[in-house]
Amino acid sequence: MSVSSLALAQTLLNGALLGCLFGSIALGLSVKWGHLGVADFFHLSLTLLGAYVTYSLVSEQLWDPFLTLVVTVPVFFVIGVVLQWIFLVLRAEAFTSLLITFALFIVTESAVSMIWSPDLLNLRPMLADSFTTSIRLPEPLPQLAIQPVDLLALVCAVLMVGVSAFALGRTRSGRAVQAMRQDGEIAQTLGVRVVPLTLAVSGLAAATAAVAGMVVALRMPLSPSLPLQWIGVVVVATMLGGLGRPVGALLAAVAVMMIQNAWSLWFPPQWSPAVAFGVLFLFLAAQPALRLVRESMTARRLA
Amino acid sequence: MNARVDRALAGNVGAIVACTLLAVALVPTLGSDYVIAFGFQFVTWIALALSWSLFSGNSGYASFGHGVFFGIGTYATAAVLRHSDAPFVVALVAAGLSAAVLAVVVGLAVFSSPRFAGDLFGLITLAMAFIVITVVSNLAFLDGGTGVFVREQAVGSWIGSSTGHLFIVGTLIAAGTALVGLVAASSRWGAALRSIRDDEAVAESLGVPTYRYKVWTFAASAGLAGLAGAPQAIFLGYVEVGAVFTLNIPLLVIMMTILGGITRWWGPLVGAASVVVVRELLLDIGSPELSQIILGAVFVLVIALLPHGISGSIPNLLRRKAPATGGVHR
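Same order as they appear, the protein sequences are chains F and U.
Heads up, the first sequence is in my numbering, so the first residue is 1 and it goes up one at a time.
Heads up, the second sequence is in my numbering, so the first residue is 1 and it goes up one at a time.
Next comes chain U alone, as it looks inside the complex:
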């Protein structure tokens, strides 16, 4: 890495740390529970979008299974709190690990054959969702079809005592995810993933160990989504399959990333912010079905009109003002 890249990386890391500290410091000044709850959802979606982009955005292997990893994190947290006296940190680790382990198992199988690239990969990850839903619904240890009350398990603990604490945890997870995404974008790791996206066969012939990179990055992406699911379990209070494993999650995550764009590491962050605000505004309509229809229509329009997303469109706008220097900036 040259000095210019080092400076840019240090600047971005500094910006992430500063934003995180500012957000955490603001918690005591935000009196309204609504604002803090909205903030918590906001940072959770940011973590999800950035974690999805870490693997799918960089490698071009679009996963529809991100909702599953998030849901597994939520259920792992519920299970740890329900069946043990372990502190939340243990549940957090269990959430991240269980999602990552599932991703490793699936990744080892799916990435072993080039025939499962592209849309087949997307559908396989979707299939994974239905298996996990069936397993969770039928295992009494996890759910058993009745749902799990998490709030009563968290009562008396630091994490369960305030939405502000959930916001702090969510913000730290989002910041950690952003840092991982930034490091990936600026390192050999990201370059390897982008080479897979550009032409996997060429990357492999040039000596990039694509199989290994895909499996481990898929696991990292899933693990981060699992971490994001941990505080969500306590936020929801009552965890049930229908709400946790909804297909809306992968759809929204993909929409956020496409809207924000993948040409910059912060693209998904911008996309997440935009979609969360639009969703909040749509709540005023009063009809969940109509909101869903509008959101779907917006999604189709975004794909049609902004194929490179907001972060990808900014350089195009700048280029109109000044001669382009070219290249993809991370």
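Just chain F, same shape as in the assembly:
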């Protein structure tokens, strides 16, 4: 099937912008997984909850979507802190915390279904034209268009990822988090206040879910099972991007979504959900070869 370069460019652009949204969702997961050792499934549920709360506040209370962040960001910060505090109290190991967040993930799907109903909810018809009217790109690409909501996703992703990367790499607290990741006990001995720092990181990661949730509410129809559709891209982006690396997660999410969108141009679109995992499994499939190479190099060195 031949595809015009314009269609391909538009598809890749759409994929990249949707990747920005998934990069925003992956940000919190990547930071918690990489720096706190918690592969937090519940982060996806928080994003869903953020979307549903935004939906309710906009559709029922007629709030401006951005104003909803005044409620969701602090509330989610507290939820993130409380969840991490529970892990600390339980002295939960990585797998235990993974199991707990997995259970909360499934509980949240049912809770959302009970509170908001399992039906699709769409905020788009209630939004002002400024949110829904496509914007043409300036010269030299006037044939390409983007949705304002996608632009918002791009801005949110760049802001959140940029601030996180700067904070982790350039600030005193960020360096403390890095030290904590290397060895918590030594970091504590050197004066890093591990517990408050851990709680703060978890809270901030959860707060990013509130922002991503707002974009989700504006961008797509909501259903309680949405996180199941996100798991692929988000987890794969987190793993391919490198745990604890916000910029890596964003770039990986953008790349995966561009590949997934381009796939649909040439191949049956019903196979596209497997593309993200296909990328991951190609990465995994290379591992035996890499191991053999590593082992033979070690053997040669020892010989």
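The set of hints was computed from the structure by calculation and includes no laboratory data.
Hints are supplied without guarantee of correctness; some may be wrong.
Covered stretches of chain U (in silico footprint by chain F; criterion: 3 or more residues with CB under 8 Å from a CB of chain F, positions within the stretch not fixed) [said to hold, decoys possible]:
{"hint": "1", "region": "115 to 123"}
{"hint": "2", "region": "183 to 195"}
Far from chain F, some chain U residues (derived; all Cβ distances over 10 Å) [claimed, not checked]:
{"hint": "3", "residue": "15"}
{"hint": "4", "residue": "35"}
{"hint": "5", "residue": "104"}
{"hint": "6", "residue": "240"}
{"hint": "7", "residue": "263"}
As the structure is a prediction and not an experimental result, all values here were calculated from the model.
Glycine included, each C-beta is placed from N, C-alpha and C at the ideal position.
For this one, chain F is given, so just place chain U on it according to the hints.
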């Protein structure tokens, strides 16, 4: 193995065989289809929990993919019955083999690098679920998005003629899984797996071929789950992706094992029995969502309050009465 271990092993094997014979002998006396159907689900969950524990409980590599292996067994059975005149035994073998082959393929890749241990392994096995769901949904040979009617394929066969027959097959699979778990627990095989759980790097440096053990045990665990999926295809009658590959299966299996505990080979069996009964009681609530919420909350509480499970708590209780002898009993 010393004589005391041999006697204990023989006693446990005897108990499994006796329980299996008793369960099979009771089938004609159980008049109610509900009881037999419940019994079938009961033994299926026992087989799943024990098969999960065989690899994940012993090695510490927790898999979220057990539902996939079970589902593959179900779909392999449906495919064999739909596209051939082969008897159920062939479908059973195909179910176990197809799940085991997938586990070998995934295991060879994933276990080759130590970076995929721990929670990364769990997430990779979860990822496997989504790929398999997409493949099964799109291959007309397996499902094609429309689901498969299995009941009409099984009509006229021994397995399709009664729920009691399904119960017998399910019981034999559960008993076989228990025997494999028992043998693993009492042999060099189990010791190797536990050494991987305790410290894989040390185990490897002491000469344990960890890669090989992990791949083959993962395959055995998956194959047993696949076998458990075979009678499930006929029990369901209509097989569809949403019901077969639900995320609840790995969650429940892990919950059963954690609740029952992994310090004894029979821990998952106790956990499976407890969870199946609780689930049955929750049906009376009338709201699947609320049942799910309660089950999830129970799961979190179990992890928080019983980290070593029921079988792990019994020695602690006994120790309060008498001085401990120490050690992990299998």
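Structure-based check of each hint:
1. Using a Cβ-Cβ cut-off of 8 Å, 6 residues of the region 115 to 123 of chain U lie near chain F, which meets the minimum of three, so the contact claim holds.
2. With a cut-off of 8 Å between beta carbons, the region 183 to 195 of chain U has 0 residues touching chain F; three or more are needed, and the interface restraint is violated.
3. The claim that residue 15/U is not at the interface with chain F holds, since no C-beta of that chain comes within 10 Å of its own (minimum 30 Å).
4. No beta-carbon of chain F is positioned within 10 Å of the beta-carbon of residue 35/U; the least distance is around 29 Å.
5. Residue 104/U, annotated as away from the interface, keeps every beta carbon of chain F farther than 10 Å; the closest lies near 12 Å.
6. Annotated as non-interface, residue 240/U keeps its C-beta farther than 10 Å from every C-beta of chain F; the closest such distance is 16 Å.
7. The claim that residue 263/U is not at the interface with chain F holds, since no C-beta of that chain comes within 10 Å of its own (minimum 16 Å).
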